[in-house]
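In the order they appear, the protein sequences are chains A and B. For the first sequence, my numbering begins at 203 and goes up steadily by one. For the second sequence, my numbering begins at 203 and goes up steadily by one.
Check the hints yourself; a few may be wrong.
[Claimed, not checked] A few chain B residues facing chain A, derived, Cβ under 7 angstroms:
{"no.": "1", "residue": "Q226"}
{"no.": "2", "residue": "Y264"}
{"no.": "3", "residue": "A319"}
{"no.": "4", "residue": "M333"}
[As the list claims (entries may be wrong)] So these bits of chain B aren't anywhere near chain A, every CB distance computed over 10 angstroms:
{"no.": "5", "residue": "K204"}
{"no.": "6", "residue": "G252"}
{"no.": "7", "residue": "I256"}
{"no.": "8", "residue": "R292"}
{"no.": "9", "residue": "V294"}
{"no.": "10", "residue": "R315"}
{"no.": "11", "residue": "E329"}
[Claimed, not checked] Okay, derived cross-link-like pairs now, DSSO-like style, lysine-lysine, Cα gap no bigger than 27 angstroms in a straight line:
{"no.": "12", "chain 1": "B", "residue 1": "K219", "chain 2": "A", "residue 2": "K219"}
{"no.": "13", "chain 1": "A", "residue 1": "K304", "chain 2": "A", "residue 2": "K219"}
{"no.": "14", "chain 1": "A", "residue 1": "K219", "chain 2": "B", "residue 2": "K227"}
No lab work stands behind these hints: they were computed from the structure. Model, not experiment: these values are computed from the prediction. Even for Gly, the Cβ is constructed at its ideal location relative to N, Cα and C.
2 protein chains.
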Amino acid sequence: MKHSPEQIKEIEYVLRKISGIIKQKGREILSEFPITPPQFVALQWLNEEGDMTIGELSNKMYLAFSTTTDLVDRMEKNGLVERIRDQKDRRVVRIHLLNKGKEIINEVLETRRAYLAHILESMSQEEVNQMAISLQQLFKKMNE
Amino acid sequence: MKHSPEQIKEIEYVLRKISGIIKQKGREILSEFPITPPQFVALQWLNEEGDMTIGELSNKMYLAFSTTTDLVDRMEKNGLVERIRDQKDRRVVRIHLLNKGKEIINEVLETRRAYLAHILESMSQEEVNQMAISLQQLFKKMNE
C-alpha cells in the first residue's frame, strides 16, 4: 500500500539521523582501536562471511578493486589478515582473518553493543521486542 | 532494565546493516546530483537549522574548522551557499543556503523518500506506524 507522504518524510528523516549518530558513535569507538573505519568494515565482512577474494570483498564494500587491494595490503602489514592460496586452484587467493584481527573486531563489536545496551536500558522489554521486529522487517525489505 | 545480550547483539547487527545500506543507497542517489556526500550533509544542516557560522557547521558535521571552510568555499563557488555578514556584529559571518542549494537538497531528499516509500510499500499501515514509533523512540534515546 501507499503510505502518507508525511509519514514517509518522518521515517526518512529519523533513519537519516539515526544513521548519522551511529556513524559518529562508531568513529568515536574506533578512535580507541588501532583500525580505521574502512578496515572495520572489511574485518566485519571477513568475520561474518569467512575468507573471500579481493574481488568479493570489494563488491561487499562497494570499493574499487585497487582501493580494496591497498586496504588489504595495510591490514596484512598490521597482522590483521593474511592472503591464502586456494589448495585446489592455486590462482585463487583469499583474504583470511587472523587472530589479532578477530580479537580487535570482536572488541569493537562488544563496545558498540555496550553503547546500544545503555541506550535501550530505559526501554521496556516490550518496546525493545517491538523495535527488534520493526528493524528486522526494514532490513529484510531493504534486502529484497 | 537490562536486556538480553542476544537481543542487543541482534539489534546492533541489524542497525549496522541498515546504516550500511542507507549509506550506500544515499551515495547512489547522490551520484545523480552535482554534490558530494559531505556537501549533502552540510546542505541538509543548513536546510534544517537555517544560517550558521562555520564553527557551528563544523560542530554539527564533526569536522575540523579548516575542512569545513574548504567545504563551504567549494559550495560557495558552485552557487549553493553564500557567506553573509551579521548586520549587528560585522565580525560574525554566517553561511546561507541559496535557492540552487535548496533545490538540490530538496530533490535529493525527495529521491530518498521515493526509495523509502518503495521499500515500505508491501508493509501494512500498522507495521509502518509501529516502525515509526520504534525509530522515533530510538532516535530520542540516542539524543538524550
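Hint by hint, here is what the structure shows:
1. Q226: holds, 6 angstroms
2. Y264: holds, 6 angstroms
3. A319: Interface hint status for A319/B: holds (5 angstroms vs cutoff 7 angstroms).
4. M333: holds, 4 angstroms
5. K204: violated, 7 angstroms
6. G252: holds, 17 angstroms
7. I256: Check passes; 19 angstroms lies beyond 10 angstroms.
8. R292: Answer for R292/B: holds, closest chain A Cβ roughly 33 angstroms.
9. V294: Given a closest Cβ separation of 27 angstroms, the condition holds.
10. R315: violated, 5 angstroms
11. E329: violated, 6 angstroms
12. K219/B <-> K219/A: Holds, because 15 angstroms separates the two Cα atoms, which is no more than 27 angstroms.
13. K304/A <-> K219/A: violated, 30 angstroms
14. K219/A <-> K227/B: Judged against 27 angstroms, a Cα distance of about 15 angstroms means the pair holds.
Hints 5, 10, 11 and 13, counting from the list given before, are not met by this structure.
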